[in-house]
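Please put together the full structure from these sequences, using the hints given.
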Amino acid sequence: GHDDPLVPPAQVADFQTEMTRAGADWQLHTYGNTVHAFTNPLASDVAAGYQFSPTANRRAWQATENFFADIFKQ
1 GHDDPLVPPA QVADFQTEMT RAGADWQLHT YGNTVHAFTN PLASDVAAGY
51 QFSPTANRRA WQATENFFAD IFKQ
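In our numbering, the protein residues as written are 1 to 74.
Be aware that one or more of the hints could be misleading.
[Said to hold, decoys possible] Now the in silico label distances, taken between C-beta atoms and shown as ranges:
#	residue 1	residue 2	range
1	71	15	16 to 24 Å
2	47	23	34 to 42 Å
3	40	15	18 to 26 Å
4	64	16	29 to 37 Å
5	69	47	35 to 43 Å
6	45	9	20 to 28 Å
7	45	23	21 to 29 Å
8	59	16	16 to 24 Å
9	22	67	17 to 25 Å
10	44	2	16 to 24 Å
If you are wondering where the hints come from, they were derived from the structure by calculation, not from laboratory data.
Heads up, the beta-carbon is just placed ideally off N, CA and C, and yes, glycines get one too.
Below you can see the structure in the form of structure tokens.
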């Protein structure tokens, strides 16, 4: 998530730059008001930056399904 304390914005920006320089076909989905482990229903340590987000989880799963449909299209 955008508010993930374990992955600072500068690290995300560096990753984006690296992927672009490598010529990768990439995309990045960022979920606002969302921290680390947002797809794990057992994540509940807000102080450590871990929290399940049903909304971000649903959106991330939809993005995953869309990605699979794109790369495995027949």
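Do the hints match the structure? See the list:
At roughly 20 Å, the beta carbons of residue 71 and residue 15 sit within the given window of 16 to 24 Å. Checked against the hint of 34 to 42 Å, the pair residue 47 and residue 23 passes, with Cβ atoms roughly 40 Å apart. Distance hint for residue 40 and residue 15: a CB-CB separation of about 22 Å, consistent with the stated range 18 to 26 Å. Distance hint for residue 64 and residue 16: a CB-CB separation of about 20 Å, inconsistent with the stated range 29 to 37 Å.
Between residue 69 and residue 47 the beta carbons are some 38 Å apart, a value that agrees with the proposed interval 35 to 43 Å. Distance hint check: the CB atoms of residue 45 and residue 9 are about 22 Å apart, consistent with the given range 20 to 28 Å. Here the CB-CB span from residue 45 to residue 23 is close to 39 Å, at odds with the stated 21 to 29 Å. Checked against the given bound of 16 to 24 Å, the beta carbons of residue 59 and residue 16, roughly 20 Å apart, stay inside it.
Between residue 22 and residue 67 the beta carbons are some 19 Å apart, a value that agrees with the proposed interval 17 to 25 Å. With their beta carbons about 19 Å apart, residue 44 and residue 2 fall inside the hinted range of 16 to 24 Å.
Violated hints, in rising order: 4 and 7; the structure is consistent with all others.
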